[in-house]
Amino acid sequence: MVDYCQINKSDIYRDYIVTSLYKRANEIEKAVVSYSKDKKVNIDDIIDLILTSKLTGFPIMLLILAFIFWLTIAGANIPSKLLANILFSIEEKLSDIFICFNAPSWLHGILILGMFRTAVWVISVMLPPMAIFFPCFTLLEDLGYLPRVAFNLDRLFKKSGAHGKQSLTMAMGFGCNAAGVISCRIIDSPRERLIAILTNNFVPCNGRFPTLIAISTILIGTASHSFLNSFLVSGLVIILILLGIVVTLLVSLIASKTFLKGTPSTFSLELPPFRKPQIGRIIIRSIFDRTLFVLGRAVAVALPAGAVIWLLANITIGDISILKHIANFLDPFALAIGLDGVIVLAFFLGLPANEIVLPIIFMSYLSTTTMIEIESIEQMRQLFISNGWTSLTCLNIMLFSLLHFPCATTLWTIKKETQSIKWTLASFIIPTVVAILICFITKSIFSLLF
Amino acid sequence: MGLTCKSCKRKAILDIYNIVKANPNQMLVALAGNPNTGKSTIFNELTGLKQHTGNWPGKTVTNARGYFKNKDKEFILVDLPGTYSLFPNSVEEEVARDFICFGNPDVTVIVVDATCLERNLNLVLQILEITDNAILCVNLLDEAKRKKIQVDLDRLSVELGIPVVGTIARDKKGLKNLKDAIYDVCVKKIIPQPKKITYPKEIEDELQKLIPMITPLITNKINPRWIALRMLDGDIKILERISQNSYCKGACNHG
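Each protein sequence line maps, in turn, to chains A and B.
Numbering of the first sequence is given in our numbering, commencing with residue 1 and proceeding in unit increments.
Numbering of the second sequence is given in our numbering, commencing with residue 1001 and proceeding in unit increments.
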């Protein structure tokens, strides 16, 4: 009884205290702030109404996304080709030097055909799209658009039993899943934070965007560089992203109904004011902090991976290269989910950084094919077709890339954030199972239809 | 004799944030404020670090720490998570409050958004109840100008009783003044005298009873009036923190 009275009293006291604070704040504000009457002030509110309304919010979001991808895809083609040309001409020069010094062919193989070539592919495939995509993304962040996206998605997350702030951590995941996982700290409830961490990698990070973009370009075809084609490609990428979001919501829903039961807690999300973006800073920040960082990491991983691939492809056991042995071993499983052994191997070798999955696939095929130089995506397409790729292969690589286990950096971050090996393992297994399951379903549907 | 109770207590809290002053010439500066007022931008501009900034609330989830120099002093700057109040409703609020309260910063810089001063002032008033050593930094003056909002900084300084500096952190405007103000408060050239809020008589009466009881129990700079207020509004956790401190006192005596 006494306790009850005290609690009641302290509630009243807190009310008094808070009211006094507000009153004083209001007094000071009245004394020091003056407004000039201007109707223009309301423009921000009107923009907000349009961007976050139930009717127009989603279409505008999709349009903005579509525009950014279209810009990235249409703009990256030419510099990609240019970069590849320049870098491969350097390769020729380097090869000449090796020949000049009578270097053993295995050394040339490891250094040039293995390491250098993989690095060239990573740079020429990834740098141009990133140099366009990252500044666009940073621009949206600086303008204040991302929280509006979170606002739009909030209801969906609530319905999935997850925390509304998960839409923000998901948006961070588009940049980098490891950063996304760290940002999950903004969610207070441990249950909801875990859901957010476990599902963060269902949105493609910067490392996987180039893969998705390149494969969709291959799938749609680059016979003509028309606007229509770039639109189709960006449309495909957007469908994949939406699929990623749907899977995020579904897995969140399943988790909150089974092993992470509970009701979503409420929170208030403040929409920050729109601010004039600082173009100069955006470009510098996105190039140095994001583009070069991601690229540097990719190259650092690509160099040893390139050497490993070359060795695997050139050391033979009983007439067949080790690479072929591994690929053959993985083939039965891989073919069942519409991929092939080389691709599955590439995803495992790509664990340190997802960026290098495509270059590894590429190098593996190159090392077993007599094709010497590849200058455009069209030739890349030919190489893949000659290795038995179909539209299903393309589709499933994209699906697998979108849904599979997070990269080593992200896993390590999850371990640090959750302080639990169990949840780190879960964050590896859940996406992998989802990826295999969905790829298996598409494969089954395809074999039924064709 | 080296381990006084004060140093022990201080160390315990400083350990949490891993902040150790290398020499007496170093000053500890806390950067507090509502979310999305540009704390991280100011932090970056002052320290030259590249903490990621972005236009959304909740960007800073961990405390970032950096250093800068002004005249003969070196300053350790701690970027606290943005909060709307110091009532411990969330982890961010608790972290920010504990640092201002137990971290003993030499000065707390409160960053406010010039375009929504009233809401920001709630936090300012709460911080001023804990510490006297505070500077108000009115940021985003360019946004305010765009929205045709004028803020009378001199009047604001008089109303609050602490130094007020206007800044446009993104354009590096006003930061020199901010650095100098931080310096002046740290070396006691300026001694802020915040005007305290007067509460309704019922609360003031209770405070008069509580404060004399609390004062002998507190050994550092924490304001007894603030602790009394927290006791009145039923914040159990703050009492736990203080009892942790008295445990520390015992341990020190034995050591």
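What the hints contain is simulated information worked out from the structure, not anything from laboratory work.
It cannot be assumed that every hint is accurate.
[Said to hold, decoys possible] Listed next, with one range per pair, are the computed distances between beta-carbon atoms: (1) A:Asp48 x B:Lys1195: 53 to 61 Å; (2) B:Ile1191 x A:Lys416: 37 to 45 Å; (3) A:Leu437 x B:Lys1176: 56 to 64 Å; (4) A:Lys54 x B:Glu1118: 25 to 33 Å; (5) A:Asp48 x B:Lys1196: 45 to 53 Å; (6) A:Pro304 x B:Lys1189: 52 to 60 Å; (7) B:Lys1176 x A:Thr258: 41 to 49 Å.
We put the beta carbon where it would ideally sit given N, CA and C, even for glycine.
>> Hint by hint, where does the structure go against what was stated? Just the numbers, ascending.
In response: Structure breaks hints 1, 5, 7.
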